[in-house]
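Going line by line, the protein sequences match chains A and B. In terms of our numbering, the first sequence is numbered consecutively and its last residue is 156. In terms of our numbering, the second sequence is numbered consecutively and its last residue is 231.
Hints in this document: simulated from the structure, not taken from any laboratory. It is possible that part of the hints are untrue.
Below 27 Å or equal to it, Euclidean Cα-Cα: the simulated DSS-like pairs (lysine-lysine) are [to be verified]:
hint: 1; chain 1: A; residue 1: K133; chain 2: B; residue 2: K131
hint: 2; chain 1: A; residue 1: K91; chain 2: B; residue 2: K136
hint: 3; chain 1: A; residue 1: K138; chain 2: B; residue 2: K131
hint: 4; chain 1: B; residue 1: K131; chain 2: A; residue 2: K91
hint: 5; chain 1: B; residue 1: K136; chain 2: A; residue 2: K156
hint: 6; chain 1: A; residue 1: K58; chain 2: A; residue 2: K122
hint: 7; chain 1: A; residue 1: K156; chain 2: B; residue 2: K76
hint: 8; chain 1: A; residue 1: K92; chain 2: B; residue 2: K86
hint: 9; chain 1: B; residue 1: K86; chain 2: B; residue 2: K191
hint: 10; chain 1: A; residue 1: K156; chain 2: A; residue 2: K58
hint: 11; chain 1: A; residue 1: K29; chain 2: B; residue 2: K136
hint: 12; chain 1: B; residue 1: K86; chain 2: A; residue 2: K153
Computed Cβ-Cβ distance ranges for the label pairs, DEER-style [stated by the list, open to error]:
hint: 13; chain 1: B; residue 1: S130; chain 2: A; residue 2: P97; range: 47 to 57 Å
hint: 14; chain 1: B; residue 1: V28; chain 2: A; residue 2: G75; range: 32 to 42 Å
hint: 15; chain 1: B; residue 1: I32; chain 2: A; residue 2: A70; range: 21 to 31 Å
hint: 16; chain 1: A; residue 1: D154; chain 2: B; residue 2: F71; range: 30 to 40 Å
hint: 17; chain 1: A; residue 1: I50; chain 2: B; residue 2: I172; range: 35 to 45 Å
hint: 18; chain 1: B; residue 1: L99; chain 2: A; residue 2: D154; range: 22 to 32 Å
hint: 19; chain 1: B; residue 1: F106; chain 2: A; residue 2: R151; range: 23 to 33 Å
hint: 20; chain 1: B; residue 1: S130; chain 2: A; residue 2: D104; range: 33 to 43 Å
hint: 21; chain 1: A; residue 1: I50; chain 2: B; residue 2: V3; range: 18 to 28 Å
Which stretches of chain A does chain B cover? Using the computed rule of at least three CB atoms under 8 Å from a CB of chain B, they are [as the list claims (entries may be wrong)]:
hint: 22; region: 43 to 50
hint: 23; region: 136 to 149
Where is the CB? At the ideal position from N, CA and C, for every residue including glycine.
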Amino acid sequence: MKSKLAIALLISAVSTAAFAGAAEDLQVKFRQSAYSFAAWNASKIKSQTIDHPETFNKDQVIAAANAIAAVANSGLAALYGPGTDQATGWKKSRLKPEFFQKQDEVKKVATEFNQAANELQKVAATGDIGAIKTQFGKVGEACKNCHDSFRTKDDK
Amino acid sequence: MSVAIQVWDLPLRIFHWLLALAVLSAVVTGEIGGSLIDWHGRIGVLILGLLVFRLVWGFVGTSHARFTNFFPTPAKIKAYLKGHWKGHGHNPLGALSVLALLAVLFTLVGAGLFANDDIAFEGPLFPLVSKSLSDKLSAIHYYGFNVLAVLLFLHIAAIVFYAKVKKHNLVIPMITGRKIVPKDQAIEVSKFGIRRFVVALSISVFVAWGVESGVQYLSPAKAAPAVVQSW
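Extracted from the complex, chain A is given alone in its bound form (with noise of 0.2 Å):
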């Protein structure tokens, strides 16, 4: 009896340790993907407008350009729940903890974001490249603010 009651007891002590921070992780994981799926939209975007101009291709910029939008669209405050800048997804998160006592300043910066994401796709439909490379760089821009203000130069 007292040696099933210690196995148990054992069970769900390893059992908390385990799923401890999971829903955390999960949380990370789920936003670094986001933001590395929108950066891979940003790289086809700044190659075929930027780099190789000769190569824009209208539709494949404007599809890009939808992906970031719907990204920035998708509610990722919900990816930034407490204890997450402790958490790890595919690897160990870079938000700053004061990102959790400066939320006006993280709504500002996350609204700046949203806006040039939606500005970008309405510039991209209109093919005009030159309109397209200006946006591109606010979107930049909205990135760079948030990455300045609450993400770690470097892994903690």
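Following the hints, complete the assembly by docking chain B onto the known chain A.
This is chain B only, laid out in the frame that chain A set:
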């Protein structure tokens, strides 16, 4: 009696002011980011070319440009601090500052060539390293700037100190190349060799071109734009 003598040769002065302008532009474009990050990268390659030129010029330039002539040994620094130094080029403390600036700039540029910003920018040599190594070098590039900022502050503070306290203008010689010294100490530097200049310039242009455009020959598969399928 005082006379004006040549201390800094023309290539050295052009190097200095181009470097100052390039570093300032790199700081501004790096801070703003966005579309300017590509210019940050190009300016970095220009700085690399300038640094390589200075390195070569340190062996083949005129006397005050040569590392062997101003390398700050402890004995020289001691003598300088006691007021016994009588040269016209970099004084031993200034030489320390020069070498530190060059070393830090080389480190920043070297790391920057492999860096990425996780947005849409990669240094020209990024395809040659793994993403995690690039991330580490990006952090070095970022934090290393603080060291550069301290050195630049000391550099400018020293110039102000010399101008205000020692009544010694260091800026004008770096523009005109000429410095006023007591007549009995006047040793004019020789004219710079034009062939040596061409060699130094060629080496620096070749290195800058190599990192900007040469990666496609080292790693053609990674440098080519991906072919996008219809699905």
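Regarding D154/A and F71/B, is the given constraint of 30 to 40 Å on their beta-carbon distance met? 34 Å, holds
Measure nothing beyond the straight line between the CA atoms of K86/B and K153/A; if it is 27 Å or shorter, mark the hint as holding. 46 Å, violated
When you check the alpha-carbon spacing of K131/B and K91/A, does it fall within 27 Å? Holds, because 12 Å separates the two Cα atoms, which is no more than 27 Å.
CB-CB spacing for D104/A and S130/B relative to the 33 to 43 Å hint: With Cβ atoms ~38 Å apart, the hint holds.
Please test the hint of 22 to 32 Å on the beta carbon pair from L99/B and D154/A. 27 Å, holds
Starting from the hint 18 to 28 Å, judge whether the C-beta atoms of I50/A and V3/B obey it. Between I50/A and V3/B, where Cβ atoms are some 55 Å apart, the hint is violated.
Mind checking the alpha carbons of K58/A and K122/A for me, to see if they're no more than 27 Å apart? 13 Å, holds
Would the hint linking K136/B and K156/A be met if the CA-CA limit is 27 Å? Given pair K136/B, K156/A holds - Cα atoms ~11 Å apart, limit 27 Å.
Against chain B, does the region 136 to 149 of chain A show at least 3 residues with beta-carbon separation below 8 Å? Held - the region 136 to 149 of chain A has 8 residues with a Cβ nearer than 8 Å to chain B, which meets the minimum of three.
Verify the proposed pairing of K138/A with K131/B, using a straight-line Cα cut of 27 Å. 25 Å, holds
C-beta pair I50/A, I172/B: status relative to the range 35 to 45 Å that was hinted: 42 Å, holds
Taking 27 Å as the top limit, are the C-alpha atoms of K133/A and K131/B close enough? Between K133/A and K131/B the Cα gap is close to 26 Å, so the pair holds against 27 Å.
Checked against the numbered hints above, the structure breaks hints 7, 8, 10, 12, 13, 21 and satisfies the rest.
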